[in-house]
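Student: Sequence:
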Amino acid sequence: MKRQRQNEDASTRISKDISRLLRHKPPPGMDASGWLSLPVLLRHLKGQPTEQQVRDIVAACPKKRFVLDDTTSPPRIRAAQGHSVELAEAVLEPVTAASQVPVAVHVTGAEGWSAIQSSGELRRMKRTHVHFATAPHHLRVNKWAEVYLRLDLQAALDSGLQFGLSSNGVLLCEGPVPVALVKQVALDELPQEWRQGRQRRQGQQGQGAGKEQTQQPTEESKAEGGKAEGSKAEGSKAEEMAPAPATDSKAAGESDVADAAATVEDAPAKS
1 MKRQRQNEDA STRISKDISR LLRHKPPPGM DASGWLSLPV LLRHLKGQPT
51 EQQVRDIVAA CPKKRFVLDD TTSPPRIRAA QGHSVELAEA VLEPVTAASQ
101 VPVAVHVTGA EGWSAIQSSG ELRRMKRTHV HFATAPHHLR VNKWAEVYLR
151 LDLQAALDSG LQFGLSSNGV LLCEGPVPVA LVKQVALDEL PQEWRQGRQR
201 RQGQQGQGAG KEQTQQPTEE SKAEGGKAEG SKAEGSKAEE MAPAPATDSK
251 AAGESDVADA AATVEDAPAK S
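Note that our numbering has the sequence shown beginning at 1, numbered continuously upward.
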C-alpha cells in the first residue's frame with residue numbers, strides 16, 4: 001500500500017510538472033496550437049521521468065488533460081485546456097448551439113462567488129478562457145469548491161459570446177461572462193449522473209485514492225476552481241487543478257471546473 005501511494009505521489013508530481021510546462025511555462029519549441037515535441041518535454045521535466053511514465057500518466061488521467069499525438073515524428077503532446085500562455089491557434093470545437101452542451105457548470109468557492117457578484121461577471125483572470133464543466137468527472141471535490149453556477153448557454157450564445165470545447169470536453173469562453181447568464185444551483189438540481197459522479201469521487205477521496213484532491217487548496221487549485229475571480233486574486237501569483245468552471249486548476253485550473261469547470265489544477269494562473 002505504501003509503495004502504491006508513493007507511485008501515486010510520483011505520478012501526481014509529474015502530471016503537475018507536465019501541466020506547468022504545457023500550460024504556463026513552455027520551453028522553446030511549442031507551436032501556435034500548443035503542441036510540443038515529446039522529447040523536448042522530457043528534457044525539461046523535473047526528475048527526468050521516462051517516456052513510458054509520461055505515456056502512462058496521459059493514458060490514466062480521468063480528465064484527459066493532455067493529448068498525445070503519435071502520428072508525427074517525433075511524437076508531440078499538448079494540454080487540452082487550462083493555458084495561461086496565449087495560443088495563436090487554439091484547438092477547440094466551436095459551439096454554436098446549446099444542444100451541443102446540455103449542462104455547463106462553473107464551480108467556485110463562497111469568496112469567489114462574492115467577487116463574481118461584485119464585479120458582475122466571470123473573468124478568465126490570467127488564463128486564456130473561463131472554464132465550464134460539461135461532465136461530472138470535470139468537477140473537483142475540494143471542500144471550498146461549493147458554489148455551482150449553471151450557464152444559460154443559449155442566452156450566452158444569443159448575446160454574442162463565443163464558446164469552444166476542448167478535446168477533453170471542457171467548455172471554454174474568452175469572456176467575460178456576465179453574471180446574469182449564470183444561476184447558482186444546488187448539486188441536487190443538476191442531473192442525476194452529476195450527483196452520483198460527485199458522490200463517487202468523494203468516496204474515493206475518503207479512501208485516500210486521490211491524495212491530490214485531499215490537499216488544502218493552494219493558490220493553484222483555487223485558480224482552477226474559479227476561486228481566483230476576485231481583485232485580490234488578480235494581484236496574486238498562483239503556482240501550478242482544478243482544475244479547473246476551472247476551473248478545471250492548483251488543478252480543475254485545471255476553474256477545474258474545468259479541472260472544476262474552471263476545472264481543472266496546476267496553474268500559475270487564475271481561472
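No lab work stands behind these hints: they were computed from the structure. C-beta atoms are modelled at their ideal positions from N, C-alpha and C, and glycine is treated no differently. Each hint should be verified, as a subset may be incorrect.
[Stated by the list, open to error] In silico BS3-like pairs for lysine-lysine, Cα to Cα no more than 27 Å straight-line:
1) K183 to K126
2) K143 to K183
3) K126 to K143
4) K183 to K25
5) K126 to K46
6) K46 to K25
[Claimed, not checked] Derived DEER-like restraints, expressed as beta-carbon distance ranges:
7) V185 to S33: 33 to 39 Å
8) E89 to R43: 21 to 27 Å
9) A110 to G160: 17 to 23 Å
10) E146 to V91: 17 to 23 Å
11) Q162 to P28: 35 to 41 Å
12) Q184 to V91: 41 to 47 Å
13) A97 to Q117: 25 to 31 Å
14) P27 to P191: 39 to 45 Å
15) L187 to G29: 30 to 36 Å
Student: Next, verify each hint and record whether it holds.
Tutor: Here's how the hints hold up against the structure:
no.	hint	result
1	K183 to K126	holds, 24 Å
2	K143 to K183	holds, 20 Å
3	K126 to K143	holds, 23 Å
4	K183 to K25	violated, 34 Å
5	K126 to K46	holds, 24 Å
6	K46 to K25	holds, 13 Å
7	V185 to S33: 33 to 39 Å	holds, 34 Å
8	E89 to R43: 21 to 27 Å	holds, 24 Å
9	A110 to G160: 17 to 23 Å	violated, 30 Å
10	E146 to V91: 17 to 23 Å	violated, 32 Å
11	Q162 to P28: 35 to 41 Å	violated, 30 Å
12	Q184 to V91: 41 to 47 Å	violated, 31 Å
13	A97 to Q117: 25 to 31 Å	holds, 29 Å
14	P27 to P191: 39 to 45 Å	holds, 41 Å
15	L187 to G29: 30 to 36 Å	violated, 43 Å
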